[in-house]
Structures are given as C-alpha cells and as structure tokens.
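Colleague: In order, the protein sequence lines correspond to chains A and B.
Letter by letter, the first sequence follows residues 14 to 261 in the working numbering.
Letter by letter, the second sequence follows residues 1466 to 1528 in the working numbering.
Derived from the structure by calculation, the hints contain no laboratory data.
Worth double-checking, as some hints may not be accurate.
[Claimed, not checked] Have a look at the derived ranges for each label pair, beta carbon to beta carbon: (1) A:Gly64 - B:Ile1484: 53 to 59 Å; (2) B:Met1481 - A:Gly64: 48 to 54 Å; (3) B:Thr1511 - A:Gly200: 24 to 30 Å; (4) A:Pro129 - B:Leu1497: 42 to 48 Å; (5) B:Ile1484 - A:Gln37: 49 to 55 Å.
[As the list claims (entries may be wrong)] Which residues of chain A face chain B? A partial, calculated answer using Cβ under 10 Å: (6) Ala42; (7) Tyr73; (8) Asn74; (9) Cys80; (10) Thr148; (11) Gly191; (12) Thr212; (13) Gln243.
Note that CB positions come from ideal geometry on N, CA and C, so glycine has one too.
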Amino acid sequence: MTIDNENDLEALKRIGAIVARTLQAMGKALEPGMTTRELDAIGAKLLEAEGARSAPAVTYNFPGQTCISVFPDIAHGIPGDRVLKAGDLVNIDVSAEKDGYFADTGSSFVMPPEAPKLARLARDGKRAMWAGVNTVRAGAKLGDIGRAVQRFADQNGYTLIRNLASHGVGRGLHEEPGAIPTWDEPGERRRIGEGLVFTIEPFLSMGSEWAVEGGDEWTLRADTGAPTVQFEHTLVATKRGYIVLTAA
Amino acid sequence: MSPRAPPHRGWRFIAMIAIVVFVSMLLLQEALARALAGWLAGVWVTTIDLLLRILGAPLGVFA
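Could you put the whole structure together from the sequences, leaning on the hints where they help?
Modeller: Printed below as a string of structure tokens:
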C-alpha cells in the first residue's frame, strides 16, 4: 500500500511494533530442547494478547502462527516436533494483521555455542539488509536496493537467494508493487513512490542461489545446502529516506 | 514471509542457450552431411551397378 495520511501510518506502526516485539521475544525464548511448536506457541500467545492475527495463517492457511525454519531449512518452515539443539541456525519470520493492517519481520538466530562462520554469516546478513534499507527514499529506484545488497554480498564472498523476494505489504501480506528483488536485477527500473510500504528481506548465503522445495508443501531449503540467513524489516519510504515500522 | 519470485534468466542462461543452439546446429549439420553422403553413395553405387549390368559385368566382381 501507499500511505497518504497519519492514521495509516499510526496503524502500521502499531502492527509493526507488535510483530517486532513478538520476534524479539521468540528469539530470547530459544532454548535447546524445546520444539519449534512450543516456540510458535510463544509467538501465538503474544500475537493474541495484542489482538493481532497471524498473517500467513489468515492469508494462506499456513499451518502455524509463525514460520520457523531450522537449518538446512531456510524459509517457511512449519512449526512442529523438531527439537532445537545447541548450535542450530534458526530463522523466525513473524507477520501479522491488526485492524486490517499488516507488517512483516524476520530474523535468523544462531543458538549458542555459535560456530564462528555462522556467527559471521548472521552478523553480515543483518549488514546486507541495512545496505539495502539505506538506499530507500521516495523517487529512488527499487533496483538500487538489490544492487546495494548484491555489492555487499560480492565484496564479502557471499551469494544471494534469487527466488525469494521482498514485497509490498500494508493492507495485505503480499501486495503491490509485487516482488522486489534483493539481488542485482538490471531490469528493475521501477521507482519508489512516497509512502510506499514494503519489506526488505535479503537471504544471504554461503554459496546457494536458489530456494528449492523442502520436505513438505511449505518448507524451502537452499539448493546446495549452504548455510543461509535472512533479516527483514517493513518500512515506509519518505522524501528524506524511510521509517522502519518493525524496529523493536 | 517472502513471495517466491520466478527465477531470473541472466546472461549466463542466455549464453547457455546460445551454446546449446550452436552445438545442436553443428551436430545437425554433421548428421545431414552424413545422410547426404550416404544417399549420394547409394546413388553412385546404383548408377555404377546399372552401367556394369548394361555392360554385362555384375557389381559382384568388385565386391
């Protein structure tokens, strides 16, 4: 959506804060021995307490309230009986709706003790996301986001997953302007309109370029099985830059 | 939650297609040349055979 009044902005900030707090709480709750279903229940309880509804559940009938992917899964993992253990690379994606407004956020976590290469990957995944975010302002090209993320990945010896995109959000989970590449896409010439609400969520990988089907109809894995992380924020483009709606 | 974008067809994909087309053309050309040569050889043998039959010498003499 493109916002043009304060009411929209305030409503988006409310749902943005809810998903951010939920993600933060789930990250803090990560503990060896717990199942991803138990972790999802923590998120579900927080969303319910805030009067929010899980966006993937209401939009796509996703069988969970949040997406929890434990490596080698990288996205859209279904919460279940998988038991978390020390050293796991876990991605949590929280998107929700309240009063007709949607926000989306996500983060990868390395459970202690962290393998140095995974710790570095997670740190750089966040930096890659910010490289993209910092290009945003009304009038800039959407393609600048992917170009900046790609430059960061190339300079630091990483690859990017090229078939999981960022997207417009606001009145729905996935809406106009549709898929927004977080990799260099020379053909991406659309410009960012003032007030455009969208996500930036690059998948930074240690060698994979494509997400492929996992063991069920939802879960995705990296094609070569390389460790991969994702960090995501929902933001609004402004004349001078952006407002992050999902900052905790 | 990320929407799945269609795979991007970059320059490597285009280059791969071009190579496949080029190699296919070479192979096809070779196959056509062989077929033509085979056909010509067949025509040639038949012609010689006919001539030799006319002249009273069966082709088997040369076999």
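Colleague: Which of the listed hints are broken here?
Modeller: 3, 4, 6, 8, 10
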